[in-house]
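Hey, can you work out the whole structure from these sequences and the hints?
Number of protein chains: 2
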Amino acid sequence: MQAALREAVRSGRLASGTRLPSSRDLAGDLGVSRGLITEAYEQLTAEGYLRSGRGAGTWVGDTVRAARPPARDLAPRTPGARADFVPGTPDLALFPRAAWAAAQRATLADLPHDALGYPDPRGLPRLRTALAGLLARRRGVVADPERIVVVSGVAQASALLGFVLHARGADTIGVEHPGSPQHDALYAAAGVRTVPVPLDGEGLDVGALRASGVRAVVTTPSHQFPTGIAYSARRRAELLAWARSVDGLVLEDDYDGDFRYDRAPVGALQGLDPEHVAYSGSVSKSLAPGLRLGWLLVPERLAEETVERKRTMDLGHPTLDQELFARFVERGDYDRQLRRCQRAYRERRDALVAALQEHFPGAEVSGIAAGLHVIATLPARYGPGDRFLARVRDAGVTVRTLEAYAHPDAAPGQPPSRASPAVRLVLGYAHLTPARIRAGVRLMAEAADR
Amino acid sequence: MQAALREAVRSGRLASGTRLPSSRDLAGDLGVSRGLITEAYEQLTAEGYLRSGRGAGTWVGDTVRAARPPARDLAPRTPGARADFVPGTPDLALFPRAAWAAAQRATLADLPHDALGYPDPRGLPRLRTALAGLLARRRGVVADPERIVVVSGVAQASALLGFVLHARGADTIGVEHPGSPQHDALYAAAGVRTVPVPLDGEGLDVGALRASGVRAVVTTPSHQFPTGIAYSARRRAELLAWARSVDGLVLEDDYDGDFRYDRAPVGALQGLDPEHVAYSGSVSKSLAPGLRLGWLLVPERLAEETVERKRTMDLGHPTLDQELFARFVERGDYDRQLRRCQRAYRERRDALVAALQEHFPGAEVSGIAAGLHVIATLPARYGPGDRFLARVRDAGVTVRTLEAYAHPDAAPGQPPSRASPAVRLVLGYAHLTPARIRAGVRLMAEAADR
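Chains as they are written, first to last, in my numbering: chain X, 27 to 476; chain D, 27 to 476.
Incorrect hints may appear among the rest.
Computed Cβ-Cβ distance ranges for the label pairs, DEER-style [stated by the list, open to error]:
hint	chain 1	residue 1	chain 2	residue 2	range
1	X	D273	D	R163	52 to 62 Å
2	X	R260	D	S48	18 to 28 Å
3	D	V272	X	R362	58 to 68 Å
4	X	S42	D	G422	51 to 61 Å
5	D	D88	X	A406	26 to 36 Å
6	X	D420	D	R365	52 to 62 Å
Which bits of chain X does chain D cover? Going by a derived footprint, with three or more residues having C-beta under 8 Å, they are [said to hold, decoys possible]:
hint	stretch
7	130-140
8	180-191
9	314-321
10	340-347
11	415-425
Keep in mind that the hints were calculated from the coordinates and are not lab data.
Using N, Cα and C, we set each Cβ at its ideal position, and we do this for glycine too.
Structural data, given as structure tokens:
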């Protein structure tokens, strides 16, 4: 009754100013008790939909404004494709449902009630302790629990650092060129503009970095995204020397550092100088991006401000998720999952490299030692890139070239540029089975040869 | 071996410049294979801990900077107390573990793999649909799924709106005085300063609001925090008229709107004018704050910017949590939980009111119709407030007076002020059993009478 009346007012069916029948009359018409009508009138009067006056009865108020039509659909769209080599997503079918479910049960079974209260904005101490052990052991990170902040992923880590640096006067930050285009919007939201810094074969060009005047720079030293190179030891030292000389900060985005196939992973840059490197990582590649769970390690001088930023962004990470992941790590489930992914992704990488050699003879494949994507430089006859992309797109293959990761503000002559004659593909393979990889590469080759 | 060597370099036990033994010698000393040593040297050289030169052997590099001592503990502290009436936390023992576990199992059992990918920054469509139904039904909100953003709670909703308003040129926002002190830091982080607007018996003083010059204001119309009043119908209309006249925005923080004990809850203000009211709520009072799950409904003109802000803060809410809560709502579990809490909290409210009447005769108790706290105005003989607070604190009772929620920038004469002779207590009761409530009130009365 009450809801129907409210809706009638809101939709305009009962126009502003309309006199309503007396509660006695309406009760009689509807065959309900008069008390029910009185209560509905009082309730909707209290809410502001109706008005009433002594002896004047009840009428529809003029307060209601109808909603406009729905906002346009803002959801991202993924077009269908016969093969999709866009990097960035792991194989979601490898998500360990049974182990996750077991950790969920264990969490709800032994969790004290108090653990359901507002979180520590830094993250659950138990999880930070587990992560400190994990990151020290697997990634060579200096990771005492006191300098870890549990975040929703590398994107939130970037947002937090962007705000912290901006509050300290920074309005620019260096990024690798080519690099991940995601950073631009994240830092822009914090008021910080990204400045492209070119790469050479050993990593970020530190001369260009120094010349740019920035005092913070985002890097992917273990497996540069997208070129796939690992920063050389010399370049690591030069980069840290730069950071010390300008009292600056290197942001290490360890987005796929867990995966190295032919030997042990290269340890994190952060281990060399934790007071000049902020380290971030997540479970997005090892478990699932949908979990939104990651970690950020910051130099001591930035710790308090970073935690306060986290607090004012969301008060802290969901506690049940943290309790669960702490148990998942402690039980050895996370290590098991990493080994399982490692095996699967090595097989896929091998399938991709073999398929490229078979279908694109003469192609040079690089960045294969680690990570979840490779770079394939095709012989000149496949170029130029625009024509190649148009052909394979028509055949239903979604793939990106290195140029797609060029920074929009990079100087026109700076590589990678569209003027380059060679086609350099950035091929993500983690989300594809070996059979799909082989079929996709064949499809691409057939389209290119047509 | 490798980890031990890395740690030795990092800790300074192996000083910069130290020559390391040849791989053959060290292998002999340690009784391990030479290959193992070679691999460790190479790895740590690649990482930058060691350096090596042709024929010069291997030595410790000068790149490593040791970490400073751990940052000081930033965790919030809750001191032990014999009775704690501070409002803001529900009874965490009422968290429905069995139903939650069932929803978890159902989620992992029937979830398609794709659902584990990056989230829609607005929130899962299935959850937004479930929430739209719930909020329309329970709170009279105009809630089509397209204008809902799934957020981590009311704090994140505030942060998002703060950033959106700031980007549109706002540098101030009105807040209720007295009101929740949490808002100040959240809006300050977005570059927006809070301006106190006083209340009268019907709600926010709209004349003072107009005079303040702000164009957005944060309100708690269903059960004002902390005074406990419900905005009158007239005041609701005046507030919306103000918003329309200045092309402004009313932020409705529906922090405990689900709980009304003696009749149906007052419908949300948002239902009256969804283009001038942004509505936010969460499960923090109905389930647990640690879940960090809430919703924000914004006018259409702000929808796109709000979603983009959410995206650049954390890319979107964790998908598994959203899938789970969608099922929890669909199965009727959420309604059951609200009914269960409603019963428990009404009993506690009644216990508190009775205990106050027994132990503080003459006390006036208000704001009891709804929410999870009441206001008790004690007879003048208990004052002044400072002395009362000191006495009960010494007896182990944690309690706040209304003055604790005064805005720091409010004019000295504006109520509530410390000059007020009456002691007005803000008593949260949801987290306490009836027995604890009675014991706490008795303890407080004994301490005050001493």
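Point to revise | Numbers of unmet hints, in rising order | key: 5 and 11
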